[in-house]
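Novice: Residue numbers (the working numbering), protein chains in the order written: chain G, 1 to 133; chain V, 1 to 133; chain B, 1 to 133; chain E, 1 to 133.
The hints are simulated quantities; they were obtained by calculation from the structure and are not laboratory data.
Hints are not guaranteed to be accurate.
In this list, chains with the same sequence are indistinguishable; a pair is considered to hold if it fits within one copy or across any two.
[As the list claims (entries may be wrong)] For lysine-lysine, the following DSSO-like pairs were computed, each having C-alpha atoms within a straight-line distance of at most 27 angstroms:
1) 117 <-> 71
2) 129 <-> 117
3) 127 <-> 117
4) 71 <-> 127
Protein chains: 4
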Amino acid sequence: MRLFEHEIQIRVRYVETDQMGVVWHGNYLQYFECGRTEALRACGWSYRELEEAGIMLPLVEAHLEYLRPAKYDDLLTIRTTVRGPVSARIRFEYEVRNEAGETLTTGYTVHGFVDAKTRRPCRPPAKLKALFG
Amino acid sequence: MRLFEHEIQIRVRYVETDQMGVVWHGNYLQYFECGRTEALRACGWSYRELEEAGIMLPLVEAHLEYLRPAKYDDLLTIRTTVRGPVSARIRFEYEVRNEAGETLTTGYTVHGFVDAKTRRPCRPPAKLKALFG
Amino acid sequence: MRLFEHEIQIRVRYVETDQMGVVWHGNYLQYFECGRTEALRACGWSYRELEEAGIMLPLVEAHLEYLRPAKYDDLLTIRTTVRGPVSARIRFEYEVRNEAGETLTTGYTVHGFVDAKTRRPCRPPAKLKALFG
Amino acid sequence: MRLFEHEIQIRVRYVETDQMGVVWHGNYLQYFECGRTEALRACGWSYRELEEAGIMLPLVEAHLEYLRPAKYDDLLTIRTTVRGPVSARIRFEYEVRNEAGETLTTGYTVHGFVDAKTRRPCRPPAKLKALFG
């Protein structure tokens, strides 16, 4: 599998707005994180278990494009795509839509595999590599 | 010493506002945290070193009273009072004022001493106990 | 009705943890906020519509007691109680439990009714007053 | 002037860390925001006044590259570069360094000029255009 798509829904919290009356731009990285967590869970991975097994996935790169603002109490759909192949790095792509189906924000993040103890790069788990080629 | 007072200044960040156009209420706990960190540093303690030495100070209780809102870009003064005696717990009191000298928020936090490894209650460091009686 | 109870579930986000390995203490005010929003919705109120109708509910007071820490990926239950009577102020009480049913955090918030334009205290909406006496 | 560089220092707050023991990746957008605010102030602009004058600068794009993690209590230097020319958009570049002078994170943000009332694109303020060509 080279591509795994997953969708979740998130209700915008009041705290996530700023005085512009819309979601503060950095909070989309929270939404991406939620999408990523659930996408991994849906293909058999719990990020929590991954960390408990001693592997962390710190970000190497993040990119966001803002098309339309999200507002308080909006019910957002976060579509996360895990894009293989998984090598020393893993890439996730995101699209945030509102209830009207409009795309609000898109972006991607790239993560490295790191040994939690040594904090040095490590190989991706074999099972994950098997899954995404 | 039964009482140690310390003041710092914090500039309100855009991210800290919400769509009411004022600082989101929970962010005062961030300001309290900054005040607490610097108050401890001013009486010879670095919270970072405390944690590195294996002692954590998780919250047991927090209380906030909101009198007037803080706004974006306000330069706030956070006055932190460490109130002895230090026993199994330590108490900090806070007052947040704006540039006009108006009190915006007051509150307090109570913390326990916890061994970072066992996550169980532990004695306060002798030096801190000596300081605050 | 003097009392309205409502429960929601929230999955702890990675961003909500701190280096102590648990949920940062101030984030419970986010959870309380989510609980409050959904409790109001469940008894026929949308906080969004309330604000659009020109009424805001800023905090006057908040209180939190921390019994046990919540951890990343925990599925928390937030029980919110709206406690009447509703006068110039409205009071919400909260209890956060984990999947094992343990109480992690309790607290309450007190809010005033404020006219969004004048930013001055105003009467509670008649319908809300009728509901909670 | 095609280029304006400005530096500020920021102390990492406890709340900004996550359970990986480092600054949560999205918080760099807060640091960028602080750098941007102070860079604008240093060349004669207050973002607060800009908004009060009816002009907002929402993000169109953001990009971050993570080289090394920042830790709790680190004293970070944020270097912000305003890169002209200013047209319908304005671009800021950022570099975050620690006390050892190591580069931790770099990135940029692109912003549009928006009329606060109509929420539609508008021209950049003449003075800003004069400044950055």
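Novice: Starting from the hint list further up, note which numbers the structure goes against and sort them upward.
Specialist: none
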